[in-house]
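K.L.:
Just so you know, the protein sequences line up as chains A and B, in that order.
Our numbering numbers the first residue of the first sequence as 1 and each following residue consecutively.
Our numbering numbers the first residue of the second sequence as 299 and each following residue consecutively.
You may find that some hints are simply not true.
No more than 27 Å apart at the CA atoms, straight line, and that leaves these computed lysine-lysine pairs for BS3-like [as the list claims (entries may be wrong)]:
hint, chain 1, residue 1, chain 2, residue 2
1, B, Lys372, A, Lys167
2, A, Lys232, B, Lys408
3, B, Lys344, A, Lys43
4, B, Lys317, B, Lys356
5, B, Lys408, B, Lys369
6, A, Lys232, B, Lys406
7, B, Lys402, A, Lys232
8, B, Lys356, B, Lys504
9, B, Lys408, A, Lys167
10, A, Lys280, A, Lys100
11, A, Lys100, B, Lys344
12, B, Lys356, A, Lys167
13, B, Lys402, A, Lys167
14, B, Lys317, A, Lys100
15, B, Lys491, A, Lys167
16, B, Lys355, B, Lys344
17, A, Lys103, B, Lys344
18, A, Lys167, A, Lys226
19, A, Lys43, A, Lys232
20, B, Lys402, B, Lys356
21, B, Lys406, B, Lys356
22, B, Lys406, B, Lys504
23, A, Lys100, A, Lys43
24, B, Lys368, A, Lys167
25, A, Lys226, A, Lys100
26, A, Lys100, B, Lys356
27, A, Lys103, A, Lys167
28, A, Lys167, A, Lys43
29, B, Lys406, A, Lys167
30, B, Lys355, B, Lys369
31, B, Lys445, B, Lys406
32, A, Lys167, B, Lys344
33, B, Lys344, B, Lys504
34, B, Lys504, B, Lys317
Using C-beta positions, here's what the derived DEER-type ranges look like [as the list claims (entries may be wrong)]:
hint, chain 1, residue 1, chain 2, residue 2, range
35, A, Thr7, B, Gly416, 33 to 43 Å
36, B, Gly336, A, Ala116, 41 to 51 Å
37, A, Leu161, B, Asn493, 41 to 51 Å
38, B, Lys317, A, Ala116, 40 to 50 Å
39, A, Ala152, B, His485, 52 to 62 Å
40, B, Asn422, A, Leu70, 57 to 67 Å
Since the hints were derived computationally from the structure, they do not count as laboratory data.
This one's a predicted model, so the numbers in the text were calculated from it and none came from an experiment.
All C-beta atoms in this analysis are idealised placements derived from N, C-alpha and C, irrespective of residue type, glycine included.
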Amino acid sequence: MDAVVLTSFLRALIEREFMQFALITGILVGLLAPIIGSFVVIKRLSLIADTLSHFSLAGLSIGLFLLNILRLPIGDPLYIGMVFAVIGALLIEVLRSYYKNYKEISMPIVISLGTALSALFISLSGGFNTEIYNYLFGSILTVGRNFVYIIAITTFVILTLITIFYKQIVIISFDETYARLLGIRVNLFQFFTTIFLGIVVSLSIETVGVLLVSSLMIIPVAAAMKIGRSFKTTLMIAILFSEVSVILGLWLSFRLGFPSGATIVLFNITILVAVVVLRKLFTRRNLEEKQEEPVTVK
Amino acid sequence: MHIQVSNLSFGYDYRTVLKNITFSLESGDFLVVVGNNGSGKSTLVKCILGINPVPDKKIFLDNTDINDFKKWIKIGYVPQKMDDFNYEFPISVNEIMHVSKHSKVSEKEKLELFDRMGILELQNENINSLSGGQLQRVFIARAMINKPEVLILDEPTIGVDTDNVNRFYRIINELNSEGVTIVLITHSLQPGKANFNHVMHLHEGKAEFTSVSDMPDGGDV
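With the rest of the complex left out, here is chain B:
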C-alpha cells in the first residue's frame, strides 16, 4: 500500500501539534517514528488512521484521499497498551479475534496466526490474566488477523521485558520481509533490532527524515 502525506498540519483547540509533515511510503517500507512525549507521534498515527479528521488532499492511502478511503481492513493497528481497550471486563483472546476478524478468515488461518504469535495456548484465557508481553502479541495478532498490507504500532514495547521485546522485533521483521509495510512509533530506537529503512524524528511537531542508506552504520542506531 502506498501512503502519501502532504503538508499535514494538525492541532487540538489552539495548539498546533503537527507542522507541515510530508512523506511517502511504498509497499514493504519500514518507517520508525521517533520523538519525545508530546512530540506529536500518536497524533500523526491517529491522522493516518482517520481517527483525527484532516482536510482533503493531505493524506492519500493507495492513491485515494483518506476522507474517501474505505478499505480500512488493509491497515492493522496495535495501540499503546493502556490506550482505549477496556482490560478489566472479562473477554477471552478468542473472543477478541472473533469480533475483530473478517468473515473470510478461516478458523485454520486464525489458529496458524495464533501459533506464529505464540498465543495458541492462550486462546481461551481471559485477557486480564495475561502478562504484558502476551497481551502485546495478542494485539499484534488482532492487527494481523485480516491480513493487512500496513501495520501501525504505537509504542508497542512499553512495559515489556527484554525477551518479549526481542520476540516482538523478530515477528515484525518477519512480517516486513513478507511485504507488510510497518510504521513503528517509539520514543527510543532499539539498536540493531528493527530492520527499518526510514526514520522520522518528530520534534515539536516538525519532522526530520533519515534514510537508512544515508546512515553510516546502515541503520544500526
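Next comes chain A alone, as it looks inside the complex:
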C-alpha cells in the first residue's frame, strides 16, 4: 500500500508541473527559513516572524482589495505583501530604537496595526474567501512558475550574501558591542538583515500561510540548538529537520489530502518533541552511568 502511494507520489512529481513547483518551493523555503530563523532566534526575536507575517497579510488584503474591488492592474498581491513585510520590519526597528528599554513593545504595536488593516481590507473586499484562506494557511500546491523564479533568485541572493558576510553576520548576532568594536557597520547590516527577513517571511506565506510562517523559521532551529555543539552544526541540523518536514509534509498531504502547510508544521513539531524527549533520556542515562562508576580515593 505504502509503496503504491509512494510510487503515485513520485509519478505525480514527474508528470505534474504543480507538484514540481510545490516541491522546489518547499525545498527552497525549507532551506531559507531556518537559516534566517537561526539569526532571529540568537537575537531573541522569535516573535518577529509572526509579527511580519501578520503585517504582510495587511499588504495582501490591500492587494486583493485593489485587484478585486477597484479592478486596478496591480499583478500578484504577493508583491504588495512583500513590500508590507519590509515596511513592517523597518517599523519594528524604528520602534525598537525608540523604546530602548522596552524593545519587545514594537512587536504587539506592529502586529496590531497589521491585523487591524487586514480585517478592514478583508471586509472591504467582500469578506472571507478562498484566497484569504490560502494566505492564512498556505497553498504550496498552487504556486506558479513565476513564484518559483522569485524564490530561486531570492535564495541565491541571500545565500551569496550570507556566504560573503558570514563572519560579520554571526558576530553581530552574538555580540553587537564587540561587532561595533571590530569596526563592523552594525546598523547597515541590521537594516539589510531586516529587509531580507521581511522578504523571506512574505515568500514563506505561500508555503505554510500567515499563521504558520514563524513555525517554519523557529521550530527547526529550536530542535537543532538542543543538539548542535557549534553554530555551523546547529544550522545544518536545522536545515535537515526543515527539509525532512517539508518533504514528508508534502508526501503525507498528497497521500491523505491534508492541508500541506499544516502537515509540514506538524512534522516540524514532531521532530522537536522527539529531540526533546530523546535528549532527556540520553542525559538521564549518562547521569546514571556516571553514578554507577565506583569512586576511587587516591
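Since chain A is already given, all that's left is putting chain B on it; use the hints.
P.N.:
Using the frame of chain A, we list chain B on its own:
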C-alpha cells in the same frame, strides 16, 4: 597607544554619570578603575570604546579624535560576563575566534594564543558548556586574537574562583610586561595581584587619581 581623555562629561537622559574626567595613558601603562556600582566605570569604558557617543575633542586615541578613529582592531575588549553576549545559543570556541579574528592572523598564531590562555583543549567545545573561568579566558583570547595595543577589561573576575582569578592576573601582568596597555575596571582592588601603575577612583562620576609611585606600599593595595 596613547589615550587622552579631556574634560569628559557624559549622561543618560537627564542623569549625569561622568563629570569632567581627564587623564592620559601611555603605551604599557596599567590603569585600574575602581568604584562602586553605578559610579560610571562601565560608562567610561563605553565612551573609550566609541560605543557611547561623545563630542569632538574629548577623547583622543593615538592622537586621533575618537570620532575619526578607525583602527579599532588595536583595542581588545573583555566585556562583563553577562553583558551582551548570547551564551545560550550553540557556538564553539573556535567559531568565536574565527568570526572575531582578522584574516592576517594565522592558524598557528591562533593555536599559540589558545595554548597560552589554557583553552587549547576547549577549542571545539560549545561555550555554554564552559565554566566561568574557562569562559573568561576564551574572552581574553578573543580580545587578544588581533594583537591589540590596548586591552580593556570590564569587571572580568566577577563569579570566577580564586585559582582562575590568580591565573587571570598572571596572564594580564604578562601581557602588560610585553607592552600591552591595560585598563582594568573593577569594584575592588585585588591586593598584590595586578602590576598596575595608575588607579582611578570613580565616585559619583568624579575621578580621583593615585599613581603607584605615590603609594606607600608601591601599589600593593
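K.L.:
Now tell me if each hint is right for this structure.
P.N.:
Do the hints match the structure? See the list:
Under the criterion of a C-alpha separation no larger than 27 Å, the hint pairing Lys372 (chain B) with Lys167 (chain A) is consistent with the structure, at around 19 Å. Distance hint between Lys232 (chain A) and Lys408 (chain B) is fulfilled; the C-alpha atoms sit about 20 Å from each other, no more than 27 Å. Between the alpha carbons of Lys344 (chain B) and Lys43 (chain A) the distance comes to roughly 21 Å, so the proposed pair stays at or under 27 Å and holds. Distance hint between Lys317 (chain B) and Lys356 (chain B) is fulfilled; the C-alpha atoms sit about 12 Å from each other, no more than 27 Å.
This hinted pair checks out: Lys408 (chain B) and Lys369 (chain B) have alpha carbons roughly 21 Å apart, not beyond 27 Å. For the hint linking Lys232 (chain A) to Lys406 (chain B), the alpha-carbon distance of about 22 Å falls within 27 Å, and the restraint holds. Of the pairs offered as hints, the one joining Lys402 (chain B) and Lys232 (chain A) holds, with about 23 Å between alpha carbons and a cut-off of 27 Å not exceeded. Between the alpha carbons of Lys356 (chain B) and Lys504 (chain B) the distance comes to roughly 16 Å, so the proposed pair stays at or under 27 Å and holds.
The suggested pairing of Lys408 (chain B) with Lys167 (chain A) holds, with an alpha-carbon distance near 16 Å, which does not exceed 27 Å. For the hint linking Lys280 (chain A) to Lys100 (chain A), the alpha-carbon distance of about 38 Å lies beyond 27 Å, and the restraint is violated. Our distance criterion of 27 Å between C-alpha atoms is met by Lys100 (chain A) and Lys344 (chain B), whose separation comes to about 17 Å. A C-alpha spacing of about 32 Å is found between Lys356 (chain B) and Lys167 (chain A), which places the hinted pair above 27 Å, so the restraint is violated.
Taking the CA atoms of Lys402 (chain B) and Lys167 (chain A), the gap is about 15 Å. The hint holds against a cut of 27 Å. Under the criterion of a C-alpha separation no larger than 27 Å, the hint pairing Lys317 (chain B) with Lys100 (chain A) is consistent with the structure, at around 24 Å. Between Lys491 (chain B) and Lys167 (chain A), the direct Cα distance comes to roughly 36 Å. Violation of the 27 Å bound is thereby established for this hinted pair. Distance restraint check for Lys355 (chain B) and Lys344 (chain B): the Cα-Cα separation of roughly 16 Å lies within the 27 Å cut-off, and the hinted pair is therefore satisfied.
For the suggested pair Lys103 (chain A) and Lys344 (chain B), the alpha carbons sit about 21 Å apart, so the restraint of at most 27 Å is met. The straight-line distance between the Cα atoms of Lys167 (chain A) and Lys226 (chain A) is roughly 23 Å, inside the 27 Å bound, and the hint therefore holds. Using a Cα cut-off of 27 Å, the hinted pair Lys43 (chain A) and Lys232 (chain A) holds, with the two alpha carbons roughly 16 Å apart. Restraint check for Lys402 (chain B) and Lys356 (chain B): the C-alpha separation of about 32 Å exceeds 27 Å, so the hint is violated.
For the suggested pair Lys406 (chain B) and Lys356 (chain B), the alpha carbons sit about 39 Å apart, so the restraint of at most 27 Å is broken. The suggested pairing of Lys406 (chain B) with Lys504 (chain B) is violated, with an alpha-carbon distance near 45 Å, which exceeds 27 Å. Among the hinted pairs, Lys100 (chain A) with Lys43 (chain A) is consistent with the structure: their alpha-carbon atoms are about 15 Å apart, no more than 27 Å. Distance hint between Lys368 (chain B) and Lys167 (chain A) is fulfilled; the C-alpha atoms sit about 19 Å from each other, no more than 27 Å.
Taking the CA atoms of Lys226 (chain A) and Lys100 (chain A), the gap is near 30 Å; set against the 27 Å cutoff, the hint is violated. Straight-line distance between C-alpha atoms of Lys100 (chain A) and Lys356 (chain B) comes to about 26 Å, which keeps the hinted pair within the 27 Å bound. Straight-line distance between C-alpha atoms of Lys103 (chain A) and Lys167 (chain A) comes to about 26 Å, which keeps the hinted pair within the 27 Å bound. With a C-alpha separation of about 16 Å, the suggested pair Lys167 (chain A) and Lys43 (chain A) falls inside the 27 Å cut-off, and the hint holds.
With a C-alpha separation of about 20 Å, the suggested pairing of Lys406 (chain B) with Lys167 (chain A) holds against the 27 Å cut-off. At most 27 Å may separate the alpha-carbon atoms for a hinted pair to count; Lys355 (chain B) and Lys369 (chain B) meet this at roughly 18 Å. Note on Lys445 (chain B) and Lys406 (chain B): the hinted pairing holds, with a Cα-Cα distance of about 14 Å set against a maximum of 27 Å. Only pairs whose Cα atoms come within 27 Å are accepted, and Lys167 (chain A) paired with Lys344 (chain B) is accepted, the gap being roughly 23 Å.
Note on Lys344 (chain B) and Lys504 (chain B): the hinted pairing holds, with a Cα-Cα distance of about 16 Å set against a maximum of 27 Å. Distance hint between Lys504 (chain B) and Lys317 (chain B) is fulfilled; the C-alpha atoms sit about 5 Å from each other, no more than 27 Å. The hinted window of 33 to 43 Å between Thr7 (chain A) and Gly416 (chain B) is violated, with their beta carbons roughly 59 Å apart. For Gly336 (chain B) and Ala116 (chain A), the hinted distance range of 41 to 51 Å is satisfied, since their beta carbons lie about 42 Å from each other.
Separation of Leu161 (chain A) from Asn493 (chain B) is about 46 Å and conforms to the stated range, judged on CB atoms against 41 to 51 Å. Distance hint check for Lys317 (chain B) and Ala116 (chain A): the Cβ-Cβ separation is about 48 Å, which falls inside the suggested range of 40 to 50 Å. At roughly 56 Å, the beta carbons of Ala152 (chain A) and His485 (chain B) sit within the given window of 52 to 62 Å. Checked against the hint of 57 to 67 Å, the C-beta distance between Asn422 (chain B) and Leu70 (chain A) comes to roughly 60 Å, which is consistent with it.
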